[in-house]
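Asker: Each chain, letter by letter, is given below.
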Amino acid sequence: MGEFAGFSMPLWYEGIIPEHLAVRNAVGVFDVTHMGRCLVEGKDALPFLNYVTTNNVRRLKDFQVQYTLFCNPSGGIKDDLTICRLSEEKFLLVYNASNREKDFNWLRENSRSFDVQLRDISDEAPMIAVQGPYAVKVLEKALKKDLATVRRFRGLLFKHEGREVLVTRTGYTGEDGFELILFDVPLEEPDPVLQLWNSMLEAGKEFGIKPCGLGARDSLRLEAGMCLYGNDITEETNPIEADLKFVVKLKKGDFIGRDAILKVLEEGIKRKRVGIEMVDKGIPRHGQAIWSDGEEIGFVTSGTYSPILRKGIGMGYVSIEYAKEGQDVYVAMKNRKAKAKVVRWPFYDESRYGWKRTTE
Amino acid sequence: MKVDGYEVREDLLYTREHEWAKIEPNGLVRIGITDYAQKMLHEIVYVSLPEVGAKAEHMKPLGTVESVKVASDVYAPVSGEVVEVNKKLEDAPELVNQDPYGEGWICVIRPSNLEEEKGKLLTPQQYAELLKELLG
Numbered sequence: 000m001g002e003f004a005g006f007s008m009p010l011w012y013e014g015i016i017p018e019h020l021a022v023r024n025a026v027g028v029f030d031v032t033h034m035g036r037c038l039v040e041g042k043d044a045l046p047f048l049n050y051v052t053t054n055n056v057r058r059l060k061d062f063q064v065q066y067t068l069f070c071n072p073s074g075g076i077k078d079d080l081t082i083c084r085l086s087e088e089k090f091l092l093v094y095n096a097s098n099r100e101k102d103f104n105w106l107r108e109n110s111r112s113f114d115v116q117l118r119d120i121s122d123e124a125p126m127i128a129v130q131g132p133y134a135v136k137v138l139e140k141a142l143k144k145d146l147a148t149v150r151r152f153r154g155l156l157f158k159h160e161g162r163e164v165l166v167t168r169t170g171y172t173g174e175d176g177f178e179l180i181l182f183d184v185p186l187e188e189p190d191p192v193l194q195l196w197n198s199m200l201e202a203g204k205e206f207g208i209k210p211c212g213l214g215a216r217d218s219l220r221l222e223a224g225m226c227l228y229g230n231d232i233t234e235e236t237n238p239i240e241a242d243l244k245f246v247v248k249l250k251k252g253d254f255i256g257r258d259a260i261l262k263v264l265e266e267g268i269k270r271k272r273v274g275i276e277m278v279d280k281g282i283p284r285h286g287q288a289i290w291s292d293g294e295e296i297g298f299v300t301s302g303t304y305s306p307i308l309r310k311g312i313g314m315g316y317v318s319i320e321y322a323k324e325g326q327d328v329y330v331a332m333k334n335r336k337a338k339a340k341v342v343r344w345p346f347y348d349e350s351r352y353g354w355k356r357t358t359e
Numbered sequence: 244m245k246v247d248g249y250e251v252r253e254d255l256l257y258t259r260e261h262e263w264a265k266i267e268p269n270g271l272v273r274i275g276i277t278d279y280a281q282k283m284l285h286e287i288v289y290v291s292l293p294e295v296g297a298k299a300e301h302m303k304p305l306g307t308v309e310s311v312k313v314a315s316d317v318y319a320p321v322s323g324e325v326v327e328v329n330k331k332l333e334d335a336p337e338l339v340n341q342d343p344y345g346e347g348w349i350c351v352i353r354p355s356n357l358e359e360e361k362g363k364l365l366t367p368q369q370y371a372e373l374l375k376e377l378l379g
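Just so you know, the sequences run in chain order A and B. Under our numbering, residue 359 is the last one in the first sequence; the count climbs by one each step, no gaps. Under our numbering, residue 379 is the last one in the second sequence; the count climbs by one each step, no gaps.
No wet-lab data here; the hints were simulated from the structure. Misleading hints may appear alongside valid ones.
Straight-line alpha carbon distances no greater than 25 Å define the calculated BS3-like cross-link-like pairs of lysine-lysine that follow [said to hold, decoys possible]: (1) A:Lys101 <-> A:Lys244; (2) A:Lys310 <-> B:Lys330; (3) B:Lys330 <-> A:Lys336; (4) A:Lys336 <-> A:Lys269; (5) B:Lys303 <-> A:Lys333; (6) A:Lys280 <-> B:Lys331; (7) A:Lys310 <-> A:Lys323.
Note that this is a predicted model, so its numbers are computed, not measured.
Produce the entire structure from the sequences given, and follow the hints as far as they go.
Answerer: The following block contains the structure:
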């Protein structure tokens, strides 16, 4: 067990590598109750959320999810999160555990001129994730529900054993999979979610399901190219240099950070978030310098061992001239500069792994 | 002997940083990391071996063992010269997890000051005490 955002959580149950491989090849289940969750309800829910996030909330249909960002007025990223529309006046936000207080307070401060009510449900709506090519089959068995026709980034709300559960086809692994939230289950009385967890393990037995800890959660999201707040994105990084422009919808109207982001676009970014794949042995680690042409040109923000590629991989920011696929770089590790190259994500072959895979 | 599931071999000497040292009949010293160390690191994916000929200094870093989550220095239990390194670890770093006292050996040092430095190392009993303290 290790400490993460103030919670005691397992880094692994069996091992990072077997759990990681289980998700890519079969199915894994994660306890993600540590994440922050809040409900935003009211007449002004939509305009409020469109003001405090970068993506366009108006595009959401009922039970549709979008990935988005909170930015500060300087265009720095306060957090990355998902928003699920439950109805025209009710939205569920899921954000990082480490930002539970920061995000909720910031939402509250900015909500004063909007007709909205905010409710932090983090401690009364446990959440688990089931990820991997067999996730659909496991959920079908465990929930007696056919989810095959639920599209990616869509979901369903239904009653399971007397409790409301929201199931969305989303995740933090790059694989097909679902995230489940059980409503009205206070953490002091966790039996319903414990039962749900056990039913996943039971239903998943024939598929080789493994419970997965934070270690595999990190290596999986990195292989998929997804950011970890605090490492790859912070209040000092803007969405353009973080390569997250796809969730910034400038035409939707005003939002916090919009002016600053426009300025960044006008001036051009000086650095960019890129993928790093090791050529020499070793694992890139947060904070290590990246070199090229005899100069320091950037730094590593995240690094791990990729069980699929069997080598070290990472993410970092490099000067814009070096932010091109195939660029040779060096990572300054202890006592040596290890050869690496700039690559696109996901790091794995998308025809063989990931939710877009075309092979069995 | 076992301390809470962690193996401590009785024919070795130890450091406070969880390295073991085996004084071989020919006077050379084989070193590695202990069962406790490999369990703490867990899945070892890379071992940075010292070069043959490299100078080893008592309790200074000699190499690194990296797991998925963390890189850990290997400290030289004795001063001297590295005369052999375990090349098998280049392609099979997991040997350190599987057999930390055997196949997972890291390197062999020709000691330059063994008589004095031997006394600075921990006996198996002292290392077992250290583990008991750590494990609380």
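Asker: For each hint, tell me whether it holds in the structure or not.
Answerer: We went through each hint and held it up to the structure:
no. : hint                  : result
1   : A:Lys101 <-> A:Lys244 : holds, 23 Å
2   : A:Lys310 <-> B:Lys330 : holds, 18 Å
3   : B:Lys330 <-> A:Lys336 : holds, 21 Å
4   : A:Lys336 <-> A:Lys269 : holds, 24 Å
5   : B:Lys303 <-> A:Lys333 : holds, 14 Å
6   : A:Lys280 <-> B:Lys331 : holds, 14 Å
7   : A:Lys310 <-> A:Lys323 : holds, 20 Å
Figure legend: structure checked against the earlier numbered hints; every hint is met.
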